[in-house]
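J.: The lines below spell out each chain.
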Amino acid sequence: MEGETQVISCDVIVIGAGPAGLMAALRAGEAGAGVLLIDREPFTGGQLVKQTHRFFGSKHQYAGTRGFDIAVRITEKIECLKNVKILLEATALGYYEDGVLTVLHEGRMLKFKGKAIVVATGAHERFLPFENNDLPGVYGAGAVQTLMNVYGVLPAKRILMVGAGNIGLIVSYQLVQAGVEVAAIIEAAPRIGGYLVHASKVRRLGVPIMTGYTIKRALGKECVRGAIICKIDENWNPVEGTEIKIEVDAVCLAVGLSSLCELLWQAEVPMVYIPELGGHVPLRNEDMETPVERIYVAGDAAGIEEATSAMLEGELAGINAVSKLGYSVEDYANKRGKILSDLKNLRSGPVGEKIRAGLARLRTLRNGNL
Amino acid sequence: MRIRRHPILSFKREKEVNFTFNGKPIKAFEGETIAAALHAEGIKVLSESKRNHRPRGFFCAIGNCASCLMKVDGIPNVKTCITRVRDGMVVISQHGRGDPGDIL
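Protein chains in written order, with my numbering: chain U, 49 to 418; chain P, -11 to 92.
No lab work stands behind these hints: they were computed from the structure.
Just to be clear, a hint being listed does not mean it is correct.
[What the hints assert, rightly or not] List of simulated lysine-lysine pairs, DSS-like, C-alpha gap at most 30 Å:
(1) 130/U with 0/P
(2) 249/U with 0/P
(3) 3/P with 133/U
(4) 386/U with 402/U
(5) 293/U with 133/U
(6) 125/U with 3/P
(7) 249/U with 38/P
(8) 205/U with 3/P
(9) 163/U with 130/U
(10) 3/P with 269/U
(11) 133/U with 0/P
(12) 0/P with 205/U
(13) 383/U with 161/U
(14) 392/U with 372/U
(15) 12/P with 205/U
(16) 269/U with 12/P
(17) 264/U with 38/P
(18) 161/U with 205/U
(19) 0/P with 15/P
(20) 269/U with 0/P
(21) 205/U with 159/U
(22) 293/U with 205/U
(23) 125/U with 0/P
[Unchecked claim] Derived list of chain U stretches under chain P, where covered just means 3 residues or more per stretch with a C-beta under 8 Å from a C-beta of chain P:
(24) 87 to 94
(25) 171 to 185
(26) 196 to 209
(27) 308 to 322
We put the CB at the ideal spot given by N, CA and C, even for glycine.
I would like the entire structure built from these sequences, with the hints used as guidance.
T.: This is the structure in structure tokens:
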């Protein structure tokens, strides 16, 4: 490396241009702050670009709009703001004691320093232990969506879906839409985890959903050529003699997500283990600020939920980060109140039960810690 | 295989891009990642495990799991699932960890 790399300063650095990061950058930018929004993908939108279904919720949360259209709309709004810079194919590498964020971009390491940072890095797919799980053709559900919905490439001819949560169900539907045969959706739990509206949709397409089943082994030498599935008992142990061989050329794992929070660990943000939120998550207050001043989190990085809540959390992080820096956010109190009540509504009812329990635990731990 | 017809999505496949994989010419489209373009040609084995030399394909496609590392234009450990194809790119299956001495 030749010489010292110059540190570039700005008001707010938003790491991750998914639903949370996009909204954080938009709201921070609207208040007039100098914002840098980075993402390691060549496009903005994060997981939104793979969502071909119409969103639920209320109108101002983009209900009725397909995910990839939402990403385009927010990005266009951001591009109108001269004080927000979007840097793509830029991977955040490390966060240092002096507040410097190193970023790999076009083969060079850049250094940035933000007065406030919003970590909206999203989540990573969980893995599952089974024989031959390392064979090419064993994909995470997000990878399958990327291949077929972003690049228009078929991941398989015939696929086995592992996991009947919302992601497993929705991606199965999308697979059928793209022309892939879904041999079955298997689910270890005794019941379907996702919304029944999604389950009914795939059932109507003739895709069997088998609860109480898990994958025992993937078959093949160079690539997946099949899979052995089997029943499991109430203690999650395989039941002998229940093995079924399924001919598939890919296995899709939709067995949950965990927060991508390496940068938060590096920044010494206190992390707590809350299974309801996906595993290790950062401590943070209602305004999305962590106990490390001026480091904010939003979206799946703060705890696994879904895109609409990620957008709301992003807005919250955005307005709070800039108002702390002294920028005036028009009608701040009302905006904040509205976002908080929208989040509360979103998490109400039986569907939000797990999230509510997780957040309650987070609050308890935070109050004990601070 | 590329999706020809989709009920909701349309795919921009305007400019053709040509690159090589282990010396073999591959046609792709601008905007595609290396891993996606190889998949479209039915190439799923991108890398191998370091100790037991087991085949590796990609798992996450978001630049996270490092299962798709390949040698691209002489540089090892390139995450091919988030790197776009360019005309004339030379993509090679990577063996081993990709020491600095690999960069020729």
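J.: Need the status of pair residue 293/U, residue 205/U: alpha-carbon distance at most 30 Å?
T.: 17 Å, holds
J.: For a C-alpha distance cap of 30 Å, please report whether residue 3/P and residue 269/U respect it.
T.: Cα-Cα ~36 Å, so violated.
J.: Would the pair residue 249/U and residue 38/P pass a check requiring their Cα atoms to be no farther apart than 30 Å?
T.: 43 Å, violated
J.: Just to make sure I understand the rule, a stretch counts as covered if three or more of its residues have a C-beta closer than 8 Å to a C-beta of the chain. Does the region 196 to 209 of chain U meet that for chain P?
T.: As far as the region 196 to 209 of chain U goes, the hint holds, because 8 residues have Cβ atoms under 8 Å from chain P.
J.: Can you confirm whether the C-alpha distance between residue 269/U and residue 0/P stays at or below 30 Å?
T.: 35 Å, violated
J.: So if I understand the rule, the pair passes when the alpha-carbon distance is 30 Å or less; does residue 12/P with residue 205/U pass?
T.: Measuring from Cα to Cα gives roughly 24 Å; hence the hint holds.
J.: Are three or more residues of the region 308 to 322 of chain U within 8 Å, CB to CB, of chain P?
T.: Answer violated; 1 residues pass the 8 Å Cβ test.
J.: Is the hinted pair residue 205/U and residue 159/U satisfied, with a Cα-Cα distance of at most 30 Å?
T.: 44 Å, violated
J.: Starting from residue 0/P, check that the Cα of residue 205/U is at most 30 Å away, please.
T.: 23 Å, holds
J.: Run the distance test for residue 269/U versus residue 12/P: straight-line Cα separation, threshold 30 Å.
T.: 23 Å, holds
J.: Would the pair residue 293/U and residue 133/U pass a check requiring their Cα atoms to be no farther apart than 30 Å?
T.: Outside the cut-off at roughly 52 Å; violated.
J.: Residue 249/U and residue 0/P: Cα distance at most 30 Å?
T.: Measuring from Cα to Cα gives roughly 28 Å; hence the hint holds.
Of the numbered hints listed earlier, those contradicted by the structure are 5, 7, 10, 18, 20, 21 and 27.
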